[in-house]
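Using the sequences and the hints given, assemble the complete structure.
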Amino acid sequence: QVSGDVIKIGIITDMSSVYADIDGAGGVEAIKMAIADMKGQAAGKKIELVFADHQNKADVAASKAREWFDTQGLDLLIGGTNSGTSLAMAKVAAEKKKPFISIGAGTSRLTNEDCTPYTIHYAYDTVALANGTGAAVTKAGGKTWFFLTADYAFGTSLQADTSAVVTKAGGQVLGSVKHPLNASDFSSFLLQAQSSKAQILGLANAGGDTINAVKAANEFGITKTMKLAGLLMFINDVHSLGLKTTEGMYLTDSWYWNQSPEARAWSRRFFEKMKRMPSSLQAADYSAVTHYLKAVEAIKSDDGDKVMAQMKATPVNDFYTKATIRKEDGRAVHDMFLLQVKSQKESTEPWDYFKVVTRIPGEEAFTKLADSKCPLVKK
Amino acid sequence: MNKKPLGYAALFVAVALLPLLGVYPIFVMKVMCYALFACAFNLLIGFTGLLSFGHAAFLGAAAYGAGHALKVWGFPPLLGIAFGTLMAALAGLAFGLLAIRRSGIYFAMITLALAQMLFFYFLQAPFTGGEDGLQSVPRGSLLGIDLENDTALYYLVLAIFVFGFWLIYRTVHSPFGQVLTSIRENEARATSLGYDAARFKLLAFVLSAALAGLAGATKTLVLGFATLTDAIWTTSGLVILMTLVGGMGTMVGPIVGALVIIALENKIGDLGQWLAGVTGIQWFTGLGESVSLVTGLIFIVCVLAFRRGLVGEAGALWERLRKPANAR
Amino acid sequence: MSDFFGVPLPALLGQLLLGLVNGSFYAMLSLGLAVIFGMLNIINFAHGALYMMGAFLAWMGLEYLGINYWAMLLLAPLIVGAFGLLIERLLLQWLYKLDHLYGLLLTFGITLVIEGVFRSFYGVGGQPYQVPDALSGATNLGFMILPNYRAWVVVASLVVCLGVWVVIEKTSLGATLRAGTENPRLVQAFGVNVPRLVSLTYAGGVALAAFAGVLAAPILQVNSLMGSNLIITVFAVVVIGGMGSILGSILTGLGLGLVEGLTKVFYPEASNTVVFVIMALVLLVRPAGLFGKEK
Amino acid sequence: MSNLILETRKLTKEFKGFTAVDAVDLQVQRGHIHALIGPNGAGKTTCFNLLTKFLTPTRGQILFNGIDITGEKPAQIARRGVIRSFQISAVFPHLTVLENVRIGLQRFTGTSYHFWKGLGGLHRLDGRALELLELVDLRDMADARAADLPYGRKRALEIATTMAMEPELMLLDEPTQGMGHEDVDRVTALIKRVAQGRTVLMVEHNMKVISSIADRITVLARGAVLAEGDYATVSRHPRVLEAYMGSEAAELQGAH
Amino acid sequence: MAGYALEIKGLQAWYGESHILHGIDLAVPQGQVLTLLGRNGAGRTTTLRAIMGLTDRRSGSIKVHGQESVRLPTHRIARLGLGYCPEERGIFASLSTEENLRLPPALKGGRGKVMSEDEIYAMFPNLSERRHSPGTRLSGGEQQMLAVARILRTGADILLLDEISEGLAPVIVQALARMITALKAQGFTIVMVEQNFRFAAPLADHFVVMEHGQVVESFTAAQLDGKRALLDELLSV
Ligand SMILES: Nc1ncnc2c1ncn2[C@@H]1O[C@H](COP(=O)(O)OP(=O)(O)OP(=O)(O)O)[C@@H](O)[C@H]1O
Ligand SMILES: Nc1ncnc2c1ncn2[C@@H]1O[C@H](COP(=O)(O)OP(=O)(O)OP(=O)(O)O)[C@@H](O)[C@H]1O
Ligand SMILES: [Mg+2]
Ligand SMILES: [Mg+2]
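Chains as they are written, first to last, in my numbering: chain A, 851 to 1229; chain B, 10 to 337; chain C, 86 to 380; chain D, 25 to 280; chain E, 291 to 527.
Simulated from the structure, these hints should not be mistaken for lab results.
Glycine included, every Cβ here is placed at the ideal spot set by N, Cα and C.
Check before you lean on any hint, since a few could be wrong.
Unchecked claim - These stretches of chain A come out as covered by chain B in the derived footprint (C-beta under 8 Å, 3 or more residues):
#1 904-912
#2 916-925
#3 937-948
#4 1000-1008
Said to hold, decoys possible - Partner residues are not named here, just some residues of chain D that face chain B (Cβ under 8 Å, in silico):
#5 Lys97
#6 Ala102
#7 Lys141
To be verified - Label-pair distances were calculated between CB atoms; the ranges are:
#8 Ala23(B) / Asn1167(A): 54 to 64 Å
#9 Arg33(D) / Leu106(B): 33 to 43 Å
#10 Gly83(B) / Glu1178(A): 27 to 37 Å
#11 Ala1159(A) / Pro147(B): 22 to 32 Å
#12 Leu15(B) / Asp161(D): 31 to 41 Å
#13 Ala314(B) / Asp887(A): 47 to 57 Å
#14 Gly83(B) / Gln1194(A): 51 to 61 Å
#15 Ser150(B) / Lys1218(A): 31 to 41 Å
Encoded structure:
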């Protein structure tokens, strides 16, 4: 029994702004690929895709989601980039008792304070980033930190989680400055950072913001006195900054197109369509949707609760990752990678940017169930 | 003259029936909120000639005020709305005292700037949740009726809207309204008759702000969140557009305007898709993301071609049609 | 001594420099607004959008046609100026007899359209524009690092502002303009083609905005919303200055830029709002603005 | 109490550049129709604007019934009973003729800030309003929109509205300006009628009007008082003749 | 007919709603002086303003050198060779004396003699002294001179002068009188509005008396004596 005789999948993400590169149209394309690979059918019913741009506005995302659930009988909601919007969408989905898979959002609140029975946090989260880059950089000797933080849910989470890791690793946080999302000029924030005299400038932001921050830092010669740590960077960011400015930077990610033959194979297909290599998020979009459709296929139903149970019961195992989705809080637990940006001569082919420094086991990367702040977790 | 009340009654019944006809209630409620917002704005521009370019500030102030009261302090719905409205009124008083000192273009610029100031405050103030805004504001229940039920809420919102509209109607057709009209028509003359124009304008401004607040607070209750979008300057522009399209200084114009613009904003994406379909020009698919392009064009057309707005022009047409009739 | 009220001197000077940079944008834009207002009695809301357009033209020139920064610094203002001429002839000129508010509304509409167009092509994300090689890099002044390009922006805009001032105060064209703002009908009665003068004034004013836009391109992200974010602050600047005098708007612009810079050092939270707060205070004590003529 | 209703002492207004009103000492007797004449740009309207505080004097004092009102706001002065009309007609075009007058009467009801009240209360004023319209024989047009009145009738309506304020002192700026002859005579008669028991200070270019109704005349030229007195004195005053037509004419005058 | 520099038929003019001119007929032959007389508010200034197209609305026919001009925009009218000296003088506060003087551009259509600045300063010595001080700092008299001087540079051959003698000391008035005679000799056509009858009488070839926006009397210098009594009655205060 499939509601409305179609399986309706919707993705709401940033299609026009700072995060458009790392998910956006590419993400939509990835999902289309997933649907195509299912022959456009699951449980014998047609699969339809709707997508929308939330312009990084939580309210736009929430009302769009609500409208889709109410008027279009949406069955699965995919949350693209931007934590604020994902938090908003999670609430709506929970209210409508429909599965919500957050791909692009970073905030760990999705599986902690704000967890719901219908949320799956799929690709990564700020805790994992902290445990990756944060720990690595501190171990490498970066003891004093100053944060440049995007002023919304994601930035705050990332700063908080990283600070925790840094102090645990014996480092020290000297301060932080918040900047608006999609800020146009970082120089004045950076000057504030500089006067802190910290060794490490932690960039608790993403996408275009990270790129511009790095640029401005170079312009004002801040890179001479401080070392930059991009806490969330994607291959697209490195691509547009160029290896020259990013060489040697650490970053933590859930996936890299060149990490395995399967990954390479899929990425080639993606490249054919989008003329650029996929980011981990776009790969995750594909993987997540496939996982959902398989679940529907298996139980021949798109009923919210049943599908959720099925998805949590079956492990993920594809070119993107090997993951189990935790029943209690909906956290998809899988390995993460600490990557380092290659130097120009190390890079042998286009988009060959990273070398894997270490593989961080899922259990270490993500919040342990014991430490979870999710009210659904019984202690 | 005496046909008017009937007209309003008919309108009321029609709107009351909508949800039963399967119209998406949230959409209609949203329209009602913006319609009330536009009416409030219109009270100012239409009846004092003051163009406020910062009315979003009042929508926002009330939205956050109500949101906070409902979510954090757990106020009951109506009290929450009242609180939000109060916040807007206070903001209105503060803005008014400053802006009334200049008129015309300066008034517009000043209100715009003050609104921007408030916007930045909201952006940074802890209680607003910054970029994320206030999420999942509870609707609560009224007289034991659970407002989480859209239909129940619908009739509450309708009631609020009718009340707001009635108040505006009253104001316009009151002794105060008479003086306002005279001030708009010829300020120097009104002053020379002993009316302190500034005072009257200020009261009008505060009233308008409060009503805009009522709209904002109600909107928060309906959609369950208050965000920066409520307070940003483009929203101020939007309400001007609604009023302009509907017809400044007309009673129902703003309502029509609000309906048209909101519908447009919702459907423009599909429209773009459709255009792309028929013309085969891919660019149209992006239309959904650039609503402003279309609204801007409407703006220009309205200002150049019909400044009286839909309702205004219709009324003028009607006049022209029956003038010769009763001439004979 | 490298500290100043507990603030490291480099940071302080750095912020002041940034303030000055912003200030020069305020100055150029409010200058243009004032000139236009003088002749047309219209507050040109589209000023911000045309500034954005200037920046985008610079970017597009480089991206699609490989025209370098310096050429665009000249071309963009010309193109935008011509565009302004079009706007004035096609749209604005029909409003002069009406309430000035319609001018504001129309230009607001124009703003939405321009932004909408760019947005529909480029979204709201920023387009990176490289600092021209000649000005890339920074000079280490010892007490602070001075990015060459920012220094150039300040110098260039000061020169332009003063240039405009000279033209208006010292040349015969300027004299005609000043006379035109005082009593256009009489000037026309002397055989001056005032309508054309008006068009050219508008073109000139917006060209100024475009110039500012090109200057801004390498510093700020070239982004379809960059104009509207700026213009509102500039409005506040205009209210503070009072549009009375050319020099007035220049000084107010720079001054407020510096004030902003200082706020960023001592109380960053208020840096966004400080200009508006000042506006409120000015309104209380001197409603006509610092350089405005009392009515 | 003195029979001076209005007095100015060294009243001066400078616009940057030049002096529009220059140390004017004006004295208006209670009950008079007092005319203010002078060439265009003499400063007549500016004087009115000063007396009603639409402009702030640069120097000098204004006394109304012996009270210094120089510091008061326009609206306050109006409430004292000094009501002005304007050089260019000043009615409320989109209100009906009746409503125009009612706006004036309404002020005494003290309900002007009551935005929650209906208009019902105001209709009690209609009677008085109609009386006033009667006075300027506009009664039959009570329900017309003011905008639709011919120019001359607008000036009449304006006077009716002014009357509604029960003014002690009426200031009329060129009440007959831009009118055809018949209207001029009408308005002249009207002014004479309404002047019963009040004081009128009027600017007028039309000598016929002035000679027929003015008790006293002050001649302004370039902001300063040139001469003052009744029509006979003023019209023979050499400086006035000089200013108006040159002394040759003055000689002519002397001739017969 | 030919020879008329300025020919006006049935001119009506409005300020906003107030209808000021109710059908004026005038004709000024090339190179002659016409004086508009009348009481205050008679509509003489308005007549000049209407000729220049400066009233809110106007209708009728105004031929300049035989060319119809009621439908032209003001600046085109001026370029037919008209120079206007307004009643309120219209000196620009933000311009120096010199700038004020140089403001009016040379008129393409102008066939009149173009006076050089030196000639002008020679005619009005005070101006050359004050050339750098802001226009409105000048005394009323100097402002009046400036207002007249200004239009002599442009090559306009028809001068509209509104009460140029007003508020000037006798000496200067005489200077102006001499100037006008000189200008007339140089072939300028002049329309003057005058209160100062003594000033106007010897200069004018034609007199036109206005009242309430209409022409009530029109006669030549030759007929002047016969009209004194009438004039006295028409103009007496
Ligand atoms: N706001 C102002 N700014 C500058 N000058 C002004 C202003 N108002 C009036 N004036 C000048 O003051 C002088 C007197 O003007 P006013 O209007 O009082 O003359 P008037 O006697 O009323 O003339 P009219 O008979 O044409 O009405 C004129 O020269 C006028 O140009
Ligand atoms: N701008 C204006 N708006 C309305 N009415 C005006 C205006 N200017 C002049 N008037 C009126 O037009 C009529 C004629 O004015 P005009 O200046 O032509 O008279 P005049 O013959 O020049 O008298 P004067 O010798 O005082 O200049 C007068 O009643 C005057 O009040
Ligand atoms: Mg006057
Ligand atoms: Mg005159």
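Comparing the hints with the structure gives:
1. 904-912: holds (count 7)
2. 916-925: holds (count 4)
3. 937-948: Holds, because 3 residues of the segment 937-948 of chain A bring their Cβ atoms closer than 8 Å to Cβ atoms of chain B.
4. 1000-1008: holds (count 3)
5. Lys97: holds, 7 Å
6. Ala102: holds, 4 Å
7. Lys141: holds, 5 Å
8. Ala23(B) / Asn1167(A): 54 to 64 Å: holds, 57 Å
9. Arg33(D) / Leu106(B): 33 to 43 Å: Check passed, 35 Å falls within 33 to 43 Å.
10. Gly83(B) / Glu1178(A): 27 to 37 Å: Holds: the Cβ-Cβ distance is about 29 Å, inside 27 to 37 Å.
11. Ala1159(A) / Pro147(B): 22 to 32 Å: holds, 28 Å
12. Leu15(B) / Asp161(D): 31 to 41 Å: holds, 38 Å
13. Ala314(B) / Asp887(A): 47 to 57 Å: The hinted range 47 to 57 Å holds for alanine 314(B) and aspartate 887(A), with Cβ atoms some 53 Å apart.
14. Gly83(B) / Gln1194(A): 51 to 61 Å: Since glycine 83(B) and glutamine 1194(A) have Cβ atoms about 59 Å apart, the given range 51 to 61 Å holds.
15. Ser150(B) / Lys1218(A): 31 to 41 Å: holds, 39 Å
Going down the numbered hints, you'll see the structure goes against none, and every one checks out.
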